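In order, the protein sequences belong to chains A, B and C. The C-terminal position of the first sequence is numbered 273 in my numbering, with every residue numbered one higher than the one before it. The C-terminal position of the second sequence is numbered 1218 in my numbering, with every residue numbered one higher than the one before it. The C-terminal position of the third sequence is numbered 2221 in my numbering, with every residue numbered one higher than the one before it.
Treat the hints loosely; a few may be bogus.
[Claimed, not checked] Interface residues of chain C toward chain B, partial, derived using beta-carbon atoms under 7 Å:
#1 2068
#2 2072
#3 2204
#4 2206
[Unchecked claim] Which bits of chain B does chain A cover? Going by a derived footprint, with three or more residues having C-beta under 8 Å, they are:
#5 1104-1115
#6 1131-1142
#7 1169-1175
The hints are simulated quantities; they were obtained by calculation from the structure and are not laboratory data. Quantities reported herein were computed from a predicted structural model and do not represent experimental measurements. For every residue, glycine included, the Cβ atom is placed at its ideal position computed from N, Cα and C.
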Amino acid sequence: MPHSNINASSIKSAVIGDPILRLRGVSKRYDKLTVLDNLDMDIEANEKVAIIGPSGSGKSTLLRVLMMLEEIDDGVIELDGEPLTHMSVNGALVPASASHRSKGRRNIGMVFQNFNLFPHMTALQNVAQAPNKVLGLSQQEANKRASELLDMVGLSDKLAHFPSQLSGGQQQRVAIARALAMRPRVMLFDEVTSALDPELCGEVLNVIRRLGSEHQLTMLMVTHQMGFAREFADRVCFFSEGKIVEQGTPEALFGAPAHERTQAFLRAVTEAI
Amino acid sequence: MTELFPLLLEGTLVTIRITCLAALLAAALALLAATAKMSTLRALRWIANIYIELFRGTSLMVQLFWLFFVLPLPPFNVSLTPYTVAVLGLGLNIGAYGAEVMRGALLSVPRGQIEAAIALSMAPLDRFFGIVLPQALANAIGPATNLLIELLKGSSLVSLITLADLTFRANQLVETTFRSAEIFSIALVIYFVLAQAINLSMHLLERRLNRGVMKVSV
Amino acid sequence: MNGATLFDTQFALQIMPALLRAAVYTVGITIAGFALALVGGLVLALLRRSRSRLLSWPATGVIEFVRSTPLLIQLYFLFYVMPEFGLTLSALAAGTLGIALHYACYVAEVVRAGLNAVPRGQWEAASALSMSPWDVYRNIVLPQAIRPIVPALGNYLVAMFKDTPVLSAITVVELMLQAKNIGSQSFRYVEPITLAGLFFLIISIFVSLLVRKLEARLRLP
């Protein structure tokens, strides 16, 4: 349970130039294992952040607590100056209720490594489901939004297809469209190409690239695609054992890593190619 | 031989009717008990567990007899018709087995599905009825078919609490005509055909539910 | 308040001996029946897997037919119809045989699944070592096939036990019939039938625990 010595008066209201996402002292533990260790992190609006690191370093957990699929044990996360994981009650911060969390989630979209498309629905239905059920759009409006998004990711001819009839790359693109249908401010990508055959990665990365250049979106990506991170990200964070060991522009981090652990990781990754 | 048919047909119709009604009751109970057993409220879990263990652990015949012989007596004083006892007993019994099948099916829906639904801010009820339940039902069809056939076979026991189902009529005819070999053979064949009808309809239902779904074995 | 109470414990204690005797009888029938079902099931499974259609088709037919039809009528058949064909069985014999045959068909399917689960490579390796088919079955395949199906077999044992009341319909005086008789003689049904129900519950829980213990002991490290 997060400490309640963080109170509402210490939270500033949103000002232009303030980070859109703010993590303060965030920790997450599983039994004895600390997965996120007193994390402080600021993410600016429309920033593209790539998160790299060895497995078990807490990268995916970071995304999962941002999406509030899991609760944090310490610290606070703020979105746009408003507490996300907590809510202010009578001037004090208490853990957020389910409805507060649910409302907060609408601003954040997530794309999973295993796509997690709903297998009993077509591509169109997958994308239209949440706008219809959650945002209250009529079935017609939701379908219209869904077909526009699917067109944007290059799948306008696959609207009536079921996930089992689509390739991995196509499924992941549907998953991206589905997350975008909620018009989130922040998009989280959790190793979205790791489950794909190499030749299918390109189509997904292209969609992400276009999203970054054509839309106002803050994007956090946990990825093993170093080349893509180098070319696409504004900032790269190297995670290890629940902490940010080093972060900086791609040129800085990849070109001249300061920490030994970063160097060792990058060496191991390039050797593996 | 043809004079046997009317009575056997009547009995068959009774068997079909109680099987269908009991199946509906069992399905409802299975879903209720399965969700209750997975609920966060301890009281609900307890009630579900007691129901499931009691009706799975005791014999169908004992349950039917209890409902038929014991319930009318003091202090319960509840007299049910054989028809009601049949549907109730069969439904409660198969429902308890069905609850475990349903629970397994609900648990077999991959966690990622629920997480994706949460990530899309879907409300819990929408998640359950729109995402989890449809996939669970697709997985439950196989074991459910077996349970339905068990229900059909169990329905023959209602002849022992005086309900005029197929088995009852078969017995009746044997007692009057002594043509036991023919009559029992015909009865067996009718049950066999009914069982195949169940197999076929569940198979068709499975095809419909499974459009595009990948199956996970329960 | 009249003299009728819900559960007359005095009466319950009175009828316990008779019920216990019937319970032991029932357990005996179950054990004998299950032993027969295991053997019969194994034979049927092997016949069904046989490459000779002369053997596999009838076996499949018997298995599917017996599994899809009620035990009750199968018992009627053995007890009332068979004498016409020269085979007169006592109620006990007909009952035990009937329930054994019924469950042999379930056992057959489980054994068949177990045998199918043994990787093809096992058969091939054993044959390559020039082992006779019989030895291959006995020493290599069956031990591997049996282990994973023990829980399913245990379930059928419990299920068979709970099906023994059906034998009462052909006058076998097992636990349920004994309870019913006591009830109709004394006009008190609550105690005998409830006690009989309790017996079933306790014994099935006990057997389930035993099966789980057996499962644990058979597990490979």
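Hint check:
| no. | hint | in the structure |
| --- | --- | --- |
| 1 | 2068 | holds, 4 Å |
| 2 | 2072 | holds, 5 Å |
| 3 | 2204 | holds, 5 Å |
| 4 | 2206 | violated, 11 Å |
| 5 | 1104-1115 | holds (count 4) |
| 6 | 1131-1142 | holds (count 4) |
| 7 | 1169-1175 | violated (count 0) |
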